[in-house]
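Chemist: For reference, the chains in residue letters:
There are 2 protein chains.
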Amino acid sequence: MKKFINDPQAFVPEMLQGLALANPDTLTYVPEFNLILRADAPHHDRVSIIQGSGSGHEPAHVMLVGDGMLDGACPGDVFAAPPTEYVLEAARRLASDKGVLLLVNNYTGDKMAFEMAEELADAEGIKVRTLFINDDVAVEDSLYTIGRRGVAGNFFVIKAVGAAAAAGADLDEIVRIGEKVNAATRTMGVALTACTPPAKGTPLFDIGDDEMEVGVGIHGEPGRRRTTMTSANEIVDELLEAIIPDLPFSSGDDVALMVNGLGGTPISELYLLYGIAHARLAEKGISIGRNYVGSYCTALDMVGTSVTLVKLDDEIRSLLEAPAHIPVRIF
Amino acid sequence: MKKFINDPQAFVPEMLQGLALANPDTLTYVPEFNLILRADAPHHDRVSIIQGSGSGHEPAHVMLVGDGMLDGACPGDVFAAPPTEYVLEAARRLASDKGVLLLVNNYTGDKMAFEMAEELADAEGIKVRTLFINDDVAVEDSLYTIGRRGVAGNFFVIKAVGAAAAAGADLDEIVRIGEKVNAATRTMGVALTACTPPAKGTPLFDIGDDEMEVGVGIHGEPGRRRTTMTSANEIVDELLEAIIPDLPFSSGDDVALMVNGLGGTPISELYLLYGIAHARLAEKGISIGRNYVGSYCTALDMVGTSVTLVKLDDEIRSLLEAPAHIPVRIF
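In the order they appear, the protein sequences are chains A and B. All residue numbers for the first sequence refer to the working numbering, where the first residue is 161 and numbers rise by one. All residue numbers for the second sequence refer to the working numbering, where the first residue is 161 and numbers rise by one.
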């Protein structure tokens, strides 16, 4: 296993410890519950936003905690939902007078943990709602979901509800915005290699030297088809041809375009893919109001990419443009 | 070859095209000379800063062009120096009344191209100086250098001279600052895998499933030793034990600490490494005034990392803290 780790079981806590040491003024690490919280949260004049999911998708979501984004992240172990009591503890610690929103990608394990935590938090008098994200067009049901999976597009939901919360919106309004952005967002990915969970020590699935998995999930779940590797042009075409008709996106639309890396893909290739996607959309009369190129939501060390489109209107654009301050930065 | 590419020969221009399409307001792509320039450069009240090198190190250096950093980047093909005439053309297009600084990592091919370009530009009446960066402590001479190699630490030189140029410093002052930051910066890296140049299509060297290359260069050059993979703790210790005595860094020093990914390493592992390095330095009484965790200077898709320390004083700290605006961002 070609990884920088000590004890595979300690992979997540050691990563969170490093993240906290790198951000001593802004983040608090709560090792007993595996939480990363804003050091200055909760703000009682704002709804608190919490995202939970398995680990292994970094920078999502522990590195998205900060002003204008998440107030806290509640990660599980690699590719595993956090325990209900950890989610509940996050809600307790971030309970604000305006309420708490739990953001969850639509996976069965996460859904169970968060719905249970919502019930328990509610019983304790915490004002709380849960919002599920399901932007992946690849498959309708999957290995770990009933319904569509939540993948890289969750960035846009987090950014939008984070901006609305920072502006003082109330919980109902924030839920409305989150649902609206989720409904306007579509993603599909492709893997060229499998990923290797630290505790497993070997690749999660076999894939040939000339093969790719189209429609892959962010835990290495099967997608639409296993096929022979093709050119960057053909890969972008296949992803866009799945995404565009699904909403649908149409000529005259203004969109946000994300080209996301799945962990092992260098940024040079992501910009190459971006150029192709940009040109294809322009040919179709779709204009790109905002663009995002980088590794936002990964599957450990998987070599792969996903493309996300978000249909913009004035409200969504302005929420995406709002300032935010999170640990991931280049200086 | 598990890459998102079309024609391997077109890898660099297609990447640059994507970068330009993603940044239409701030960057200009000059395909005839493979240049990425600030759209609003040159500014005649500022020294223009140009970095050249082979491609394959992204985001270095084409994605570091922007206000407060580089005015232009002059990349060659993958791992190859740019032609002299391309460097000369960059100097012509960015010639300002206050002069031009050419930044070059210390590799023989780049050194020749840039020294020749400097002579030709000078003969044309352009006020120009060249500064060589050599932060890598791994080896004294190497496969492609006489003297030490320039690697990820060049980020700090770029950031500092970029800030000084934005503040209106003159060329002599900027050269002084660049030399000072270079002299205060030390780096060493380790590779767990080789990288695969698109035009070659196969890994640049063989490395066993349980091996790592300590002191690797950013083109896959051999380092200090090939050895059996060890834990993250032991790897950080070996890198710091090479870096710390070299300057030397001592108890009471304030430093910038960068944990850099070499292209195929996910950010989760970089934060894990950061936590170890932070703790080790604290034990030695060295305080971390600024930290940098991410992939700043890569070797294509290589799985690996490097650690950089910069000894801070008030002047360097303030130049590193100055605002800058470049394409790489997370929103």
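No wet-lab data here; the hints were simulated from the structure. Careful, some of the hints might be misleading.
The list makes no distinction among identical chains, and a pair is therefore deemed to hold if it is satisfied within one copy or across any two copies.
What the hints assert, rightly or not - In silico lysine to aspartate or glutamate, EDC-like type, Cα no more than 20 Å apart, as pairs:
no.	residue 1	residue 2
1	K258	D227
2	K162	E398
3	K162	D366
4	K471	D406
5	K360	D397
6	K258	D205
7	K162	D397
8	K287	D205
9	K162	D369
These numbers were taken from a predicted model, which means no experiment stands behind them.
Chemist: Give the relationship of K471 and D406 under a CA distance limit of 20 Å: within one copy only, between copies only, both, or neither.
Modeler: So K471 and D406 pass the 20 Å test inside one copy only (12 Å; across, 53 Å).
Chemist: Are the CA atoms of K360 and D397 at most 20 Å apart within a copy, between copies, both, or neither?
Modeler: Neither, since 34 Å and 26 Å both go past 20 Å.
Chemist: At most 20 Å between alpha carbons: which applies to K287 and D205, within, between, both or neither?
Modeler: For K287 and D205, the Cα distance is within 20 Å only inside one copy (14 Å; across copies 56 Å).
Chemist: At most 20 Å between alpha carbons: which applies to K162 and D397, within, between, both or neither?
Modeler: between (32 Å within a copy, 18 Å between copies)
Chemist: Check K162 against D366 for me: Cα-Cα at most 20 Å, and say if that holds within a copy, between copies, both or neither.
Modeler: both (17 Å within a copy, 14 Å between copies)
Chemist: Between K162 and E398, at a C-alpha cutoff of 20 Å, which is it: within one copy, between copies, both, or neither?
Modeler: between (31 Å within a copy, 17 Å between copies)
Chemist: Give the relationship of K258 and D227 under a CA distance limit of 20 Å: within one copy only, between copies only, both, or neither.
Modeler: Within. Shortest intra-copy distance 16 Å satisfies the 20 Å Cα cut-off; inter-copy 40 Å does not.
Chemist: Please work out whether the CA atoms of K162 and D369 approach to 20 Å or closer within one copy, between two copies, in both situations, or in neither?
Modeler: For K162 and D369, the Cα distance is within 20 Å both inside one copy (18 Å) and across copies (7 Å).
Chemist: Taking 20 Å as the upper bound on the Cα-Cα distance, should K258 and D205 be classified as within, between, both, or neither?
Modeler: within (6 Å within a copy, 51 Å between copies)
In this structure, only the earlier hint numbered 5 is contradicted, and the remaining ones agree with it.
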